[in-house]
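> Sequence:
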Amino acid sequence: MTTAIVILAAGKGTRMKSNLPKVLHPLAGRPMIAYSLDLARALSDLPPVVIVGYKAEEVKAAVGNRATFVEQTEQLGTGHAVMQAEAALAGRADTVMVYAADMPLITPATLQRLRQAHAESGAAITMLSVIAEDPRGFGRVVRGEDGGALAIVEEIEATEEEKAIRELNAGVYCFDGAWLWPALHRLQPSPRKGEYYLTDLVGLAVADGRRAEVVTTETPAEALGVNTRVHLAEAETVVRRRKNRDLMLSGVTILDPDAVYIQPQVQVGRDTTIWPGVVLRGDTVIGEGCVIGPHAVLTDVHAGDGAVIGAGVLARGCHFPDGIDIPPGSILND
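Residue numbering for the sequence shown follows this note's numbering, beginning at 563 and increasing consecutively.
If you are wondering where the hints come from, they were derived from the structure by calculation, not from laboratory data. Fair warning: there could be bad hints in the mix.
Across the chosen pairs, the derived CB separations fall in these ranges [to be verified]:
{"hint": "1", "residue 1": "Thr576", "residue 2": "Pro826", "range": "50 to 58 Å"}
{"hint": "2", "residue 1": "Glu757", "residue 2": "Ala783", "range": "25 to 33 Å"}
{"hint": "3", "residue 1": "Glu695", "residue 2": "Asn581", "range": "29 to 37 Å"}
Just so it is clear, CB atoms sit at the ideal spot from N, CA and C, and this is done for glycine as well.
With the hints as extra help, turn the sequences into a complete structure.
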């Protein structure tokens, strides 16, 4: 089964209050959209189709040759955005997966589970949902007796009974490729905003006698959409904790995981000890059995096995041999 990926990245991100496109804001040292591209590479051999709009040339420059680009010249909703990918993808894939570039915390495992459920159910749509403690402000997933979705109801249109539903649409979908493209052309504009919404495809699927399947994420944090700087900071915390956990499970000692900053691409060997206040950035590679002292800041540094980096060392672009002992407070550049 062939899967095509559509990444929605056309929005301005008004609530970020920035001249920079939302999807280019740095998250743990990388543009936010880079995480969506990593997912696409893990899920499909086809290059993803990125829907661009606001400051399209900046987004294209940041993504480079990792994707095919389609421009949404008018911001007329998520359904309209996916319509723009029809010429690039129609007839090329059995399954079309759609997600937004402002959801950097979704994991490959969750999307693989979504795709598997979609394949097994034969549904027209399989969507990801999340159970929220406070569902206010979000679209509710209304299920039928058989567990399938009947509709996604926006809060402004919800009845009191529907407002009590805590299951929300996470905005990640798998579609039957043969059904999707004709269905998109049947969407009607929203009476309130005149926009075309992917969520309305649920009702069309049900009307067609097709199933709309729902898969609930096991980790609610995955569904975080970054719309403000507050959300960006929350996502940064999750990415940092995931990295620290992975390192510790691989044999690295981190004395205070909440007090270090290690970017995702950094590599650290087993039996290395990292003291509080350490910052490891860029393409830094630390060998085995090293000690990184308090408040050391290393950027693009390669340190051999058994290296001891003293407290407060600032180093950029350096290659340190095995067993070196860098005195505290040293400032070193390539």
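> Do the beta carbons of threonine 576 and proline 826 sit within 50 to 58 Å of each other?
28 Å, violated
> Verify the CB-CB distance for glutamate 695 and asparagine 581 against the hinted window 29 to 37 Å.
Holds, since glutamate 695 and asparagine 581 (Cβ atoms, about 34 Å apart) stay within the stated range.
> State, for the Cβ atoms of glutamate 757 and alanine 783, whether the hinted interval 25 to 33 Å holds or is violated.
With Cβ atoms ~28 Å apart, the hint holds.
In this structure, the one hint that does not hold is number 1.
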